[in-house]
Structures are given as structure tokens and as C-alpha cells.
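**Student:** Line by line, the protein sequences are chains A and B. Numbering of the first sequence is given in this note's numbering, commencing with residue 1 and proceeding in unit increments. Numbering of the second sequence is given in this note's numbering, commencing with residue 1 and proceeding in unit increments.
It is worth saying that the hints were derived from the structure and are not from the lab. One or more hints might be untrue.
No more than 20 Å apart at the CA atoms, straight line, and that leaves these computed lysine to aspartate or glutamate pairs for DMTMM-like [what the hints assert, rightly or not]:
#: 1; chain 1: B; residue 1: K243; chain 2: A; residue 2: E243
#: 2; chain 1: A; residue 1: K146; chain 2: B; residue 2: D213
#: 3; chain 1: B; residue 1: K282; chain 2: A; residue 2: D221
#: 4; chain 1: B; residue 1: K144; chain 2: A; residue 2: D235
#: 5; chain 1: B; residue 1: K243; chain 2: A; residue 2: D235
#: 6; chain 1: B; residue 1: K285; chain 2: A; residue 2: D375
#: 7; chain 1: B; residue 1: K114; chain 2: A; residue 2: E119
#: 8; chain 1: B; residue 1: K285; chain 2: A; residue 2: D378
#: 9; chain 1: B; residue 1: K243; chain 2: A; residue 2: E132
#: 10; chain 1: B; residue 1: K243; chain 2: A; residue 2: E100
For each label pair, taking beta carbons as the anchor points, the in silico distance ranges come out as [unchecked claim]:
#: 11; chain 1: A; residue 1: N309; chain 2: B; residue 2: K62; range: 56 to 64 Å
#: 12; chain 1: B; residue 1: G169; chain 2: A; residue 2: G154; range: 51 to 59 Å
#: 13; chain 1: A; residue 1: G154; chain 2: B; residue 2: G42; range: 32 to 40 Å
#: 14; chain 1: B; residue 1: E59; chain 2: A; residue 2: E139; range: 35 to 43 Å
#: 15; chain 1: B; residue 1: A76; chain 2: A; residue 2: E134; range: 31 to 39 Å
#: 16; chain 1: B; residue 1: K19; chain 2: A; residue 2: K14; range: 35 to 43 Å
#: 17; chain 1: A; residue 1: E239; chain 2: B; residue 2: G50; range: 28 to 36 Å
#: 18; chain 1: A; residue 1: K176; chain 2: B; residue 2: T56; range: 43 to 51 Å
#: 19; chain 1: B; residue 1: G50; chain 2: A; residue 2: N309; range: 48 to 56 Å
#: 20; chain 1: A; residue 1: G389; chain 2: B; residue 2: E267; range: 52 to 60 Å
#: 21; chain 1: A; residue 1: L307; chain 2: B; residue 2: K19; range: 28 to 36 Å
Owing to the predicted nature of the structure, the values given are computational and were not obtained by experimental measurement. Every residue gets a Cβ at the ideal spot worked out from N, C-alpha and C, and that includes glycine.
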Amino acid sequence: MNIHEYQAKQIFQKYGVPTLRGIVANTVDEAVEAAKELGGNIWVVKAQIHAGGRGLGGGVKLAKSIDKVRELADEILGMTLVTHQTGPEGKLVQKVYIEEGANIEDELYLSVVLDRAAEMPIIMASTEGGMEIEKVAAETPEKIVKVPVDPAFGFQGYHGRELVFGLGITDKDLQKKMIQFASKLYQLYMENDAEMIEINPLIRTAEGDYIALDGKMGFDDLALYRHPDIEAMRDISEEDPDEREAGKYGLSYVALDGEIGCMVNGAGLAMGTMDTINYMGGTPANFLDVGGGANPDTVAKGFEIILKNPNVKAIFVNIFGGIVRCDRIANGILEATKMVDVNVPVVVRLDGTNAEEAAVILEKANIKNIITATDLGDGAKKAVAAAKGEL
Amino acid sequence: MSILVDKDTKVIVQGFTGKEGTFHADQCLAYGTQIVGGVTPGKGGQEHLGKPVFNTVKEAVKATGATVSMVFVPPAFVGDAVMEAAAAGIELAVIITEGAPVRDMQAAKAAAVKAGMKTIGPNCPGIITAEECKIGIMPGNIFKKGKVGLISKSGTLTYEGANQVVREGYGISTAVGIGGDPIIGLSYKQLLPMFEADPDTEAIVMIGEIGGDLEIQAAKLIKEQITKPVVAFIAGQTAPKGKRMGHAGAIISGTAGTAKEKMEALEAAGVKVVVSPAEIGKAVKEVMEARG
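Let the sequences and hints guide you as you build the complete structure.
**Tutor:** Structure representation (C-alpha cells):
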């Protein structure tokens with residue numbers, strides 16, 4: 001689960017990670033009130049969406065008067081912001097964060113993520129603030145300082161030293177501030193079961209302070225049960241409604257832009273099915289894992305979600321029955337076709353436990369849209385042909 | 001012969017009396033696995049599925065001599081359970097449970113490594129040595145005995161792969177589902193050399209997916225150490241970037257972790273890479289025939 005910048009900064013403040021003062025606003029009037037409350041003569045109006053690249057997309061703008069805050073809030077609220085992370089369809093801006101200005105001397109980068117190879121969190125820092133870190137990693141990898149921290153022993157002095165000397169910070173006071181900044185960030189990463197924290201840029205002000213100018217946080221979904229305060233930060237308008245609906249039924253769904261709907265048990269086989277459709281000359285319309293407990297209700301829900309997509313010209317149901325018996329799934333499909341109006345051809349491949357009984361059930365039912373297949377390759381081939389209207 | 005487990009392996013079940021633990025322990029017993037007892041705190045002294053129940057892993061190990069634990073405890077308790085197994089001297093913990101927090105698995109894995117305990121999973125189908133020992137949730141009947149070793153991040157692709165191998169007239173020595181979470185136990189890097197050393201394994205199927213770089217490491221190792229033929233499939237060639245595909249670890253971040261990158265690395269290491277899982281059986285047949 002991801003959260004907004006303003007929410008990440010609330011967490012930062014709780015842990016003493018320096019941020020600028022700011023207030024979130026849902027309307028233009030609230031934005032103006034926020035600017036007045038913050039005072040001063042310079043404000044930044046920042047679109048709050050779950051995607052990076054907001055500045056380049058026109059979602060972060062500077063105002064030097066209250067009137068300008070009003071004008072910018074009016075412009076940004078309700079706009080569809082397109083960035084390199086939103087996809088071409090963009091994201092609707094429903095909130096803006098009004099933040100005080102700062103005297104920026106330097107821009108750095110700091111993040112904490114899980115290093116899967118080292119199997120521990122790693123702090124990454126770079127002097128190249130404001131740039132995409134992937135780009136820095138590809139072009140000038142020597143400019144990234146990497147400090148893995150073993151949670152069994154925690155953040156030690158040498159972690160801090162590696163970090164500040166790696167960044168070329170020589171001033172004693174600044175060294176101390178940066179080490180504190182990073183150690184607090186590591187602490188809040190661990191205590192909140194974060195998946196990643198990224199601050200880009202982290203600024204050094206003319207006054208000699210390090211401040212998180214941006215803040216991006218993602219959390220381990222599987223650990224949210226022990227963090228109700230973080231769960232409460234969930235913004236469902238940022239999530240894909242179909243993926244969310246699917247999740248309620250224990251289905252894992254991701255929409256794609258092809259023509260063949262897929263319903264599969266198991267994530268690996270679901271991806272393998274998409275790949276096979278592609279290999280046979282078709283295009284998958286979605287990833288859908290019905291999980292181990294497929295039953296008539298979940299299969300019906302799966303059909304419903306797949307068929308919401310107007311591009312779907314055929315559906316490929318690919319189940320390898322293990323503990324789940326194929327005859328039960330065949331019955332599930334029959335039940336499902338009674339609950340949902342399935343108006344495209346459905347290619348069904350049921351293999352594994354009780355596959356023969358399943359074939360008999362489907363044959364006897366003799367439903368016009370159902371085409372049976374003997375194995376994965378055969379099923380994918382038939383689904384591709386069906387989508388082209390050749391079956 | 002086989003790797004890691006065989007007909008003599010003594011197994012206990014952590015989370016023995018729960019719904020999942022009971023169902024699958026029963027299936028494993030029916031397959032012939034030597035399940036010698038189980039652990040459910042507070043139920044020590046009882047009998048379940050005709051086997052003794054213990055309060056702690058330490059007691060279970062002392063009383064039964066078990067060396068392997070099959071872990072079915074709920075996600076919130078997996079970290080604790082794995083650490084307990086490690087502290088009790090278990091040699092291999094097979095963690096079936098899905099949904100354990102990453103931080104907990106990180107700590108549990110570190111504890112296991114420190115204690116010298118191997119782990120498989122979490123969120124995996126387990127390990128099976130065909131017709132001898134099944135420790136996990138896979139349908140045992142599709143794994144006919146033979147000379148092909150199998151390593152897979154995905155459960156259903158393990159079944160798909162094994163099924164195709166058997167349909168081509170071959171069989172499985174040992175199949176290991178390693179799971180697709182960000183932190184996992186034994187991986188290609190440890191398992192490939194075990195299959196290389198196993199006299200009864202003649203070819204290896206490895207099934208990977210997008211995310212992380214375990215397959216890239218495997219490619220390097222294959223090039224240097226593995227002489228037996230390897231057939232590989234990498235799931236997720238058509239997966240979009242930045243989207244999590246079911247498994248917690250199956251995500252392409254930036255430009256890293258793509259199927260293409262992994263397939264190219266494996267091909268360069270001399271692996272027979274197939275573009276669809278439907279081709280696994282055929283590819284195994286080819287490499288086995290070439291081997292003679």
C-alpha cells in the first residue's frame with residue numbers, strides 16, 4: 001500500500017525527520033486558508049497523487065501571493081496529471097498540499113528499501129537529488145552510496161560514517177544532521193513495516209539544515225494488520241476499482257490492454273498463460289489468479305470482472321487442479337455461467353485431479369459458448385482463434 | 001536417490017491440529033511421508049492423526065528424532081515458528097504458509113542461517129521426492145518417479161511442468177517449490193548443485209518469474225558448475241512494469257527483473273529456454289534424448 005506525500009510527512013514529523021510546514025487541502029478555499037495560516041510570502045502548491053514525476057507533469061508550482069495560490073489550486077485540483085509513473089491515462093488530482101518555501105542550496109537523494117540479495121534493508125543516498133534514481137544507477141552508479149543495515153544489530157555509527165563520507169559531506173555539523181536524519185528514517189522504516197521510503201529531493205537549506213522536500217512511502221500489505229494507523233491512511237480513490245473488487249473475493253487481478261481474458265489458478269501459471277497467449281499470436285486482457293480455493297462464486301466474480309473490460313473477445317480458463325478437484329471447478333463454471341451472462345467464447349482447459357470427470361460434466365452441459373481444450377498449448381491456440389472469430 | 005528428503009526422512013508439522021495442517025498432513029501420510037508428530041502449543045500430550053502432539057518443537061525433536069518441519073502456522077506466527085525450529089535443531093523447515101510479513105521472514109531467515117537450518121518457502125507448495133516423501137501441498141499423484149529434478153517459484157507451474165515431463169514418458173526425482181516472495185529460503189543457487197551431485201537426476205527444469213535477480217545468479221552458476229542439461233521457463237514476459245503479479249516478489253522495478261533479461265542470461269549460460277510453459281515437456285524430451 002502506498003500513501004500520499006502529506007501523509008508520509010506526518011509520519012516523518014512523528015519521528016523527528018525534518019520537513020517543511022504544510023497543510024493539505026481538498027478545495028481551493030481550503031488551499032487559500034492553508035496558505036494564510038502558514039504565513040510568509042512564498043508557497044508551493046503540490047498535487048497529491050500516488051505517483052512520482054509530479055513536478056515535470058505540472059503538478060507542483062510555486063506561488064508568491066495568496067491570489068496565485070488560489071489560481072494554482074484551482075488549476076491543479078481536478079486536473080488529470082500525467083507523469084512517467086501514471087501511465088498515459090493519468091491520475092485525477094483530488095488533494096493539494098500547500099507548503100512553505102525554502103532556501104534550497106543543494107538537492108540530495110535518500111531512500112530505504114529491502115535489498116533482496118542481501119536480505120536486509122539498505123539505505124541508498126546520492127548527491128544527484130531531483131533525478132530519477134534508476135537513471136543515476138544506470139549512468140553514474142559511482143554516485144550512489146549503498147549502506148545495508150542488518151536489523152539484528154540496528155543502525156550503528158559506521159553506517160552513518162559510510163553515508164556521510166560517501167556523500168562527501170565534510171562539515172561536522174552537517175555530518176551530524178545527516179546521520180541523525182538517516183538513522184531516524186531507518187527506525188521508522190523498520191517500526192512501520194515499510195516496503196520503501198524515498199526522499200527525492202532531500203534538500204540542504206541556506207540555513208544549514210537537511211529537510212525532506214518530498215516523501216514517498218510504501219508498506220508491506222501483509223503487515224498492515226499490525227499498523228491500523230497506517231491502514232487508516234489508505235486512499236481507495238488511488239487504487240484500481242476492479243483490482244480492489246477482485247481482492248475482496250480473494251482474486252488477484254491486473255488489467256492489461258489485450259483481447260483475451262484469462263482466469264487461472266496460481267500466479268506463476270497465470271503469467272505463463274499470458275505468455276503462451278502472446279506466443280500463439282494473441283494478446284492477454286488481464287492477469288487473474290483465482291487462487292487455490294476456486295469455487296462457483298469466485299469463478300462467477302472472475303467472469304464478471306473480466307467481462308467488464310469491453311476489449312475482451314474471448315476468455316481462457318486455465319486450471320491445473322491439484323488439491324482443488326477439476327470436477328468441482330467444472331461445476332463452478334456451469335454455475336457461474338448461470339449467474340453471469342457470458343457473451344464471448346470461453347475456452348476451458350482443466351487438467352490434473354479428476355480432469356476426465358470434469359470433461360464429461362462440461363460436455364453433457366453442452367453450453368454453446370464453451371470450447372474445451374486438452375492442454376495449455378491447445379487452450380491458448382483455441383483462445384487466440386476464438387478471439388479472432390475463427391472458432 | 002534424490003535431494004534433501006527421502007522415504008526415511010522424519011517430519012514434524014508445526015500447526016499440526018489446524019485446518020490446513022490437518023488436511024495436508026493427512027495427505028502427506030497417505031503419500032507415505034514419515035510424519036512422526038506435530039506441534040501445537042497447549043495441545044501437548046494429545047494424539048492427532050494417530051501421531052503425538054507436542055507443545056514445543058524442542059520436545060517433538062527430542063521424542064521423535066525428526067529432522068524436518070513442515071510449517072503451517074498462520075502468517076502472523078511464521079517468523080516465531082521458524083526461529084523455534086532453528087533453535088530446536090531442525091535441519092530443514094518447509095514453510096507452506098502464505099502471507100507472512102517480509103520483516104518477519106527477514107528475521108527468521110537470518111536466525112535459520114545462523115543456526116545452520118535450511119529453509120524452503122514461505123508461500124510455496126513444498127518439496128516432493130517422487131513416490132517416497134511429500135512435504136507440502138502438491139497433488140502427489142502427478143509426480144511419477146524419474147530422473148528430472150525440478151525447481152520452481154510457482155506452485156501451479158511446478159504441477160504443469162511435472163505433468164508434462166511425465167506425459168513425455170519421463171519422471172521426477174525431486175521437485176522443490178521455492179516460492180516467489182521477496183525473502184525465500186533455498187533457491188536455484190543452492191539447489192542446482194544438489195541436483196548436479198545427485199546420481200539419479202539427469203536433467204533439471206527450472207521455472208522462474210519476473211522480479212529480483214535469483215535467475216541471473218543461477219545463470220552464472222550454471223555456466224560455471226552445472227554439467228547436466230537445464231530447461232528453463234521464466235513467467236511474466238507479458239507482465240507490465242511496476243505491477244505486482246500475484247506473488248509479492250513478482251514485480252519489475254525500473255528496468256531490473258524483466259523476463260527478457262533473465263531469459264537472455266540463461267540462454268547465454270547454455271540453458272534451453274522455452275518461451276511458453278506449454279513447451280517444457282517437449283524441451284525435456286529433447287535434452288534427455290540428446291543425452292542418450
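**Student:** Decide, hint by hint, whether the structure agrees.
**Tutor:** So, going through the hints one by one against the coordinates:
1. B:K243 x A:E243: Holds, at about 11 Å.
2. A:K146 x B:D213: holds, 18 Å
3. B:K282 x A:D221: Cα-Cα ~39 Å, so violated.
4. B:K144 x A:D235: With Cα atoms ~49 Å apart, K144 of chain B and D235 of chain A exceed 20 Å; violated.
5. B:K243 x A:D235: Holds: K243 of chain B and D235 of chain A sit about 18 Å apart, inside 20 Å.
6. B:K285 x A:D375: holds, 17 Å
7. B:K114 x A:E119: Given pair K114 of chain B, E119 of chain A holds - Cα atoms ~14 Å apart, limit 20 Å.
8. B:K285 x A:D378: holds, 19 Å
9. B:K243 x A:E132: Given pair K243 of chain B, E132 of chain A holds - Cα atoms ~19 Å apart, limit 20 Å.
10. B:K243 x A:E100: violated, 34 Å
11. A:N309 x B:K62: 56 to 64 Å: holds, 58 Å
12. B:G169 x A:G154: 51 to 59 Å: With Cβ atoms ~56 Å apart, the hint holds.
13. A:G154 x B:G42: 32 to 40 Å: holds, 34 Å
14. B:E59 x A:E139: 35 to 43 Å: Taking Cβ atoms as reference, E59 of chain B and E139 of chain A lie about 58 Å apart, which means the hint is violated.
15. B:A76 x A:E134: 31 to 39 Å: This hint holds: roughly 34 Å between Cβ atoms.
16. B:K19 x A:K14: 35 to 43 Å: holds, 40 Å
17. A:E239 x B:G50: 28 to 36 Å: Taking Cβ atoms as reference, E239 of chain A and G50 of chain B lie about 48 Å apart, which means the hint is violated.
18. A:K176 x B:T56: 43 to 51 Å: Hint holds: Cβ distance 47 Å, inside 43 to 51 Å.
19. B:G50 x A:N309: 48 to 56 Å: holds, 51 Å
20. A:G389 x B:E267: 52 to 60 Å: Given about 36 Å between the Cβ atoms, the range is violated.
21. A:L307 x B:K19: 28 to 36 Å: holds, 33 Å
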